[in-house]
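*Asks:* Chains A and B supply the protein sequences, listed in that same order. Residue 1 is where the first sequence starts when you use the numbering used here, and the numbers rise one by one after that. Residue 1 is where the second sequence starts when you use the numbering used here, and the numbers rise one by one after that.
There could be a bad hint or two in this list.
The list treats identical chains as interchangeable, and a pair is accepted whether it falls inside one copy or across any two copies.
[Said to hold, decoys possible] Below, computed lysine-lysine pairings styled on DSBU-like, alpha-carbon distance capped at 35 Å:
# : residue 1 : residue 2
1 : K169      : K294
2 : K294      : K196
3 : K146      : K192
4 : K240      : K169
5 : K196      : K52
6 : K61       : K294
7 : K47       : K169
8 : K47       : K192
9 : K196      : K146
Hint data in this document are derived by calculation from the structure and do not stem from the laboratory.
Protein chains: 2
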Amino acid sequence: LVITCGAAGGINALFRAVLEPGDEVLCPAPYFVEYGFYAENHRGVLKAVPSKPLTFELDIKALAAAITERTRCVLVNSPNNPTGRIYTLDELASLADVLRQASARTGRPILLISDEPYRFLAYDGADVPAIFPVYEHSVVVSSFSKNLALAGERVGYVAVNPAMPEAGKLVAGVILTNRILGFVNAPAVGQKLLAKALGHEVDASIYAGRRDAMAEVLREAGFAFSMPQGAFYFFPRIPKGSDDAAFVNELMQEQILAVPGSGFGYPGYFRLAFCVDESTIRGAGPGFARAFAKAMG
Amino acid sequence: LVITCGAAGGINALFRAVLEPGDEVLCPAPYFVEYGFYAENHRGVLKAVPSKPLTFELDIKALAAAITERTRCVLVNSPNNPTGRIYTLDELASLADVLRQASARTGRPILLISDEPYRFLAYDGADVPAIFPVYEHSVVVSSFSKNLALAGERVGYVAVNPAMPEAGKLVAGVILTNRILGFVNAPAVGQKLLAKALGHEVDASIYAGRRDAMAEVLREAGFAFSMPQGAFYFFPRIPKGSDDAAFVNELMQEQILAVPGSGFGYPGYFRLAFCVDESTIRGAGPGFARAFAKAMG
């Protein structure tokens, strides 16, 4: 385990440690937009594979078909930003099977990287399956920004599966890349704050109430969406016949801030964050309804 | 100006913003060993040009001769780690002339980057000349690790010369690269600590006393060296006929921790840090004398 400058710093250090020029990073879409930059920073190429609409279940066949000799790692994010989807143990086990076969074929183990800053935020008692027991060449990256409300303080970690034969070597590599990329160490004061803050997680039930409110608002306005199982985002489909960037502009006219799905490699959808007061969410109801009706003509 | 995760994070963000694959970073030697990694991280190549022994004055002719069409920037560090040298206004002006001519020849402005974390630590009232008035395509990188004793907290900055025609574009570039390299922001709590700590610099006179003590110890032991004008390092020549790595091992036998000059791209020398108590420095006198005598046979 290496304490890093947030999860973003951790993924960059990890990519610097494992990517050769031209190596491919496979990633289910929609994905967090900066993953593409992270791969490019270190001479890699992000290759996105669309998940199944509207549930955002992993498309295992498509992922298997997208693997090439240049595939160095697969990067998953669960609970997912922007969909709120949690990948099930079955999905992860199927993915692990595919990766084991492909690794045997190419002779180079493909890493499975799981970015999990929203692990603490799962609704209806949902379980977020751990990847270590599922696949030995796995790495967990996370941060304390969300669960301890330490955003801005830049403390996260890279945890390498101890079952990985090259675990010690990879940890040593990340310690070096973390240093030479200029992170050097996670902020010292932040690490002390973190030690004090552990065990005092934010109250996830507040988010559950907001989630229900936003589901109600979206349903009443007419949107099709999958109920998020974790994190604090909705990723609804845009009304038929409209363009996601244009529709997000329409929402802006209604004082509603959304991000077009294209930015996450998944056009035709848009992302909403519900880390705002429930009254704000309910207050946006009429705006959502007007924007939907207008787009439907 | 962009607040960065230390000077190391700042140089990485800057290199990511300005280097094209294969671009050269010219650097006077001896230089801080990690500069080479920083350049390589972003597809650049560090090209070192030895400064003049024993004063470590910039070798302007050699620097001029080393410039090629791929030279993207020159990175200087003053007061220098490991030599303690402060580049004079004359040296910097000559370097600027060379860079202006070369930029005109290649049609691409060569950046002059000055890494200055030791600016506050200059002895005998020495002035550390500012590079902004000397050369318009210049960038200052620094940190607060040393002057405010905030090491580990990772707060530094990249300051772009406002006279540079592309200043706004470069600042925007560094804001983006700082984000996508995973730094995102300098630690939030550290920035608040910094604001409180400004104006309470560490007492440089303590270092002046240690410098004098170490000079005395080295002189008595027989070493040739140039008196450091700033920072807290000596970079003495090793006794004739010995190898720097082997000599550093000899010093270790005497409980003296030094770094071989080869690590700084300048063999035949070694680096000593005097950020330790004066009594420790004086106590090492006999050890230095024994190691020197032994190496001289």
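*Asks:* Name the hints, by number, that the structure is in violation of.
*Replies:* 1, 2, 4, 5, 6 and 8
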